[in-house]
Amino acid sequence: MISSLDIHSVANLQIISKFVLNNSLFLNNTSFGFGGAIFLLQISTSSVYNSTFITNKALDFSGGAIYVNQSSLTLLESIFQNNLSLKERGGAICSENSNLIINQSQIIGNTAIIGGGIYYNQDQSLFVDLNTKLFNNTGRFYGNNIGSFPVKLLSYDLKKKQYNNYIKIENFQSGNYTKNPLYVQFIDQENRMISLDINSDVDHLSDSILQEIQSYQIQIQTLPDQKDLVIVQGNKLEYIQELNLFKLNITAGYSNNSIYQLKLVSQISNKILVLDLELDFRRCKIGEIRQRNQGFIQCYECQPGTYSLTDPYSDEKNIDSLQCLKCPQQYTSNCYKDRLILKDNYWRESNTTDEIYSCLKNGCSETNKIQINGCIKGYIGPLCDSCDYKGQYWNAQYALNGDRCVQCQEIAFLKKFFFLSYCI
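The sequence shown begins at 24 in this note's numbering and counts up by one.
Hints listed in this document are in silico derivations from the structure and should not be mistaken for laboratory results. A hint or two may mislead.
[What the hints assert, rightly or not] Restricting the straight-line Cα-Cα distance to at most 30 Å, the calculated cross-link-like pairs of lysine-lysine (BS3-like) are:
id	residue 1	residue 2
1	Lys392	Lys202
2	Lys202	Lys286
3	Lys202	Lys183
Given the sequences, and given the hints that come with them, work out the whole structure.
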């Protein structure tokens, strides 16, 4: 059994051709360097057979039990349990720029910031056979059992709790921003969302981990032939710490086409991760002014206090002639986009016109919760000047009583009441 507390590993081996370890127990070793128990650098062939590593720790660097760099290591019938890389990678084993083969072994209950069981940094440099038990390890940022680098970008739907490998933004308003929030995150080899929340642990992370986490950026990339598309704001996605997600929020404009194929791109180490994005611009709506800004189309919404009821495409030759109009204060309490909020006792034929008339009776109110075509209950027709005598609109017959439309049953009741009162 080997136990120690030292700056270096118990076994610190560098630049030799061969290393073999058999039938050994490493228990409660602690190192402030790489590898709580074993450090291997530039070893052509190294093998560990039938050995056990329990509660070994690398306090400042990687490899709770074993750290291997620029070497080849084979593990057979060995046990790694409850080892720890406190501030870095590989709770049991950290393999950098090396080939690692693991057969018929157990790697259980180990912990690291990245790669709780195993960490490796090169593609196709790790082999773990099916007889190896690898479970219950913890990678705090990502890679519980096995960690390398994030392997893909996925969008995430907060409401449905679903991942998607494609983003499609439909009915996008040119010149405006993404109104429905869209989120993206990096995914590790175990199909888990990585965690980038470093604020609570910043004092317990190595500079290497901090640099890696802070390098995780996602940007929008347009294709070379998309010169008629401009991303005004939001080229870089914003990390939202409370959600542990990157938020896509762009302001964009176009000049010719309406559908664009874009990419969300991130470069992690030597890998480039890509998530496809389709941006589908809608036509400008009534209530918006179609403007050209440096050659790009912008659908400008009429702000509160102004409005437009004109089709933005009604005059293609004079795009800039269309302007938002001020609210007619005499008739309206407010206006915005394509909406006019009429004061009571004013009427118009439909919501698509700003020809407004004063009502002779008190039956006009567009803001009343119970109204049809701007007429309150019992009133119908232009200027709400008639009563619903036939009951075609209000499911009851109404007649004029003085200057009000009153339900006929009410008139009959009043007549009967007055008749009885007169008889008495």
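Review point. Holds or violated: are the alpha carbons of Lys392 and Lys202 at most 30 Å from each other?
Key: Judged against 30 Å, a Cα distance of about 29 Å means the pair holds.
**Study point:** Pair hint Lys202 and Lys286, alpha-carbon separation not exceeding 30 Å
**Key:** Roughly 19 Å separates the two Cα atoms, so the pair holds.
Review point. CA of Lys202 to CA of Lys183, is that 30 Å or under?
Key: Distance ~18 Å between Lys202 and Lys183 Cα, so the pair holds.
Figure legend: structure checked against the earlier numbered hints; every hint is met.
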